[in-house]
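Colleague: Listed here are the chains, written in short residue letters.
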Amino acid sequence: MSIPLVPQLLRSHLVELAENDQRLDGRRQWDGREVQLEIGILGNAEGSAKVRMGDTIVYAGVKFQTMTPYSDRPNQGGLMCSAELRPVAGRKHEPGPPSPESIELGRVVDRGIRESGCIDTEALCIIPGEKAWQVILDLYAISDDGNLFDAFALAGIAALRNAVIPFAKYELGDDRPLDVSKTPIMCSYHRVGGRYVYDASGREELGGDERIHITLGADAHVHSLQKGLKGTFTAGEFAELMEQARIKGDELRDLVHSLEGGN
Amino acid sequence: MITSTVMKGGSVARLDNMSGKGNAAGPHDSQQAPLLVAPGEDLGDSEDYEVGHGVIVMDGRLRATKQGQMKKDGKSVSILPSRTKYFPRPGDLVIGLVEGCTNNIWFVDIGAPFNAILPMSLGPAKMEFGGTRSVIDIGEAILCRVQEVEETHSSVVTMKGMGLRKIRSGVVEDIDPHLLGRLIGRQGKALRQLKEDTECRVVAAENGRIWIDGDFEGMLEVRTRLRAMTAEAKAATPGGVA
Amino acid sequence: MGYGDVQMIDENGIRVDGRKAGDVRPISIELGVVPVADGSCRMTWGTNEVIVAVYGPMEAHPRKIQRQDRAVLDVRYNMAPFSTSDRIRPGFNRRSREISKVTSDALESVVLLELYPRSKIRVEIEIICAEAGTRCVGLTAASVALADAGIPMTDLVVSVASGKINGVVVCDLNKAEDNYGEADLPMGVLPNSGELAFLQMDGDLSQEEFQEAWDYNMEAAIVIGDYCAEALKNGGYNL
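Protein chains in written order, with the numbering used here: chain A, -8 to 254; chain B, 4 to 245; chain C, 38 to 276.
For the record, the hints were derived by calculation from the structure and aren't laboratory data. A couple of the hints might just be wrong.
Said to hold, decoys possible - Pairs of lysine-lysine, DSS-like flavour, derived with a Cα cap of 30 Å: (1) C:LYS138 - C:LYS212; (2) B:LYS75 - B:LYS192; (3) B:LYS163 - B:LYS192; (4) B:LYS74 - B:LYS237; (5) B:LYS192 - B:LYS169; (6) B:LYS237 - A:LYS83; (7) A:LYS173 - A:LYS122; (8) C:LYS138 - C:LYS101; (9) A:LYS160 - C:LYS212; (10) B:LYS237 - B:LYS198; (11) B:LYS169 - A:LYS221; (12) B:LYS169 - A:LYS83; (13) B:LYS192 - B:LYS74; (14) A:LYS218 - A:LYS173; (15) A:LYS83 - A:LYS218; (16) B:LYS237 - B:LYS78; (17) C:LYS138 - A:LYS83; (18) C:LYS101 - A:LYS83.
Predicted model, so just to flag it, every value in this text is computed and none were measured.
Please model the complete structure; the sequences and the hints are all you need to start from.
Modeller: Next up, the structure:
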């Protein structure tokens, strides 16, 4: 089912579906696709996760490097998130420099994690003013069937939460786990056929309009918001999305924690 | 995290107990259990046989070029692949997607290895030079027929003919072309049944694209059945061959 | 450190990872792992993990790469940043470019490109976890992915790298053996005809040693070719 352009037919059909409270693949408005989460699956990464949402599949890998702290922040290490949308992930993904979409994707996911404060950059300091840890989170899409935002965000936080700082490799002491104090979860909503739906598939994204990304922590603390593409929404619509994000966010947070065992 | 190169258990391939490759006479006739083959496999002597889909002759032997089920039909050997790409032939009814246009040509994606062109002279209506986009716009779907396919230039499609038109309503789905036989059924029986049951117009084009039009419930039913048919075909044999 | 100093094979002929000289690392093959692609394959080989997706044949864009008489193969080999012990910065990489080219050349010798003039076939090779011999795993997995996509080929291409460690010729080098060994001979073999589509070599081998390494690669390619064929018929095969 791989029609490259947006046929007008798809859009009118999506409107009709929305009016009948239906979606292309039979889901209801707030239903997500089946989620599979695995952690610790990359042998050469210090933390890793793989997420599958429907036919969207992504990997997240955490690598550590040492860095010289910035002069205005001598006691702090760093966190860098990099998202790659390589041609492997889809027919429409062309090789070449990162597209505006993939750059936005990386930045939105980065902010969702960074702004929650789940990583204490001061705890990454090794020698003040001289050496600190830089945590690098690489997000890698393997198959794109829509909603890479949430897949990346989920894989990213899961990978960070099982990351181990490789002190031993750098002869700086014993390895210890990276301290991640929260589990921010992103939920993305696309306007499809006139109304917002959760976890849009590839075709829904193609025939849809604007989107809203909401990242929440436990107790519904708001960590990051982003609205993308053209279009407007009402306060009422937004309130409903916030409520849905709280419910789904808690579900996905529990999923992440369930894999952590003794944490 | 791997800290050493010691492998933890698991089996390893030992070259000393490797079994011999197939027999020189080639695979047996398909009257027995369906024979699955992979590219490069020897299918027997080429004498007395004609090559069909997915088979070539190399050094006097028949060789598979695709993975799938081998079929020996009297004098011809072919492969029923588990996936097929549509390849246009003159006369084929196809559903195309307009990807671009110039002043007098539309470029149409027909799901083949290369796009087709629809020249203004074969378009749906009389029109002025330069007016292409107002007649059929980029992103619109059309029901058309393959006029010609030639080595040196793109294939050409035409909208001059009975029933050929711009698709204005309904929805277009696509299935693997080799499942069309299953969808249509013997002498069109299965397709007729589907149309009756759902009260929808269902046009199955040769390139695996299906135009479905009717009321909302009917269209949903058709799409559900198409999905089920595809899933069934996949699960049917180990090679996923229909 | 002298390369010959690292002990990698003991007096009983057992290597550091428990293998004998002629043994290949464990391999698993999974098909259809990139659902949105036309064909795909995931291969684990030792601790290597490689995913290959195939798209096409499709219209060749940009026009200038199009060939009137046949399809073009557009092969990309890439290592994920987290695939190696030290992170790899994303971006242009000469080594990846070279491997993309030799892989493309090898695959061109088996794909029936003349059947799809003016089109292109994309082969996306992604190294998720690297342990040694990634170019070999990539090439092998690519040929399986092409077959999964139904692209007609005269044969698969199976690639293995044999070499020499502590003066002993061994099959299928692992990471330490690749780093500290005395020779590395990767070959890409067509398992049904025994012909070669890919050949490189680095190091020091006598004529006899070269023949030994060559034979190891040929024998391994036939066995692995069988596993690949079984995987294609059964939709996935675990060694």
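Colleague: A separate judgement is required for each hint: does it hold in the structure or not?
Modeller: Status of the hints after comparison with the structure:
Taken as a hint, the C:LYS138 and C:LYS212 pair is honoured in the structure, with Cα atoms around 23 Å apart against an allowance of 30 Å. Restraint check for B:LYS75 and B:LYS192: satisfied, since their Cα atoms lie roughly 27 Å apart, inside the 30 Å limit. Our distance criterion of 30 Å between C-alpha atoms is met by B:LYS163 and B:LYS192, whose separation comes to about 28 Å. The suggested pairing of B:LYS74 with B:LYS237 holds, with an alpha-carbon distance near 19 Å, which does not exceed 30 Å.
At most 30 Å may separate the alpha-carbon atoms for a hinted pair to count; B:LYS192 and B:LYS169 meet this at roughly 27 Å. For the suggested pair B:LYS237 and A:LYS83, the alpha carbons sit about 25 Å apart, so the restraint of at most 30 Å is met. A hinted pair counts as satisfied when its Cα atoms are at most 30 Å apart, and A:LYS173 with A:LYS122 qualifies at roughly 25 Å. With a C-alpha separation of about 18 Å, the suggested pair C:LYS138 and C:LYS101 falls inside the 30 Å cut-off, and the hint holds.
Restraint check for A:LYS160 and C:LYS212: satisfied, since their Cα atoms lie roughly 17 Å apart, inside the 30 Å limit. About 24 Å separates the Cα atoms of B:LYS237 and B:LYS198, which keeps this hinted pair within 30 Å; it holds. Distance check on the hinted pair: B:LYS169 and A:LYS221 sit about 29 Å apart at the alpha-carbon level, within 30 Å; holds. Restraint check: the Cα-Cα separation between B:LYS169 and A:LYS83 comes to about 25 Å, which is no more than 30 Å; the hinted pair holds.
Between the alpha carbons of B:LYS192 and B:LYS74 the distance comes to roughly 25 Å, so the proposed pair stays at or under 30 Å and holds. As the CA atoms of A:LYS218 and A:LYS173 are separated by approximately 23 Å, the hinted pair is consistent with the 30 Å bound. For the proposed pair A:LYS83 and A:LYS218, the alpha carbon gap of about 23 Å is at most 30 Å, so the pair holds. Between B:LYS237 and B:LYS78 the CA atoms are separated by roughly 29 Å; this keeps the pair inside 30 Å, and the hint holds.
Between C:LYS138 and A:LYS83 the alpha-carbon distance is near 22 Å, which keeps this suggested pair within the 30 Å criterion. With a C-alpha separation of about 19 Å, the suggested pairing of C:LYS101 with A:LYS83 holds against the 30 Å cut-off.
Checked against the numbered hints given earlier, the structure satisfies every one of them.
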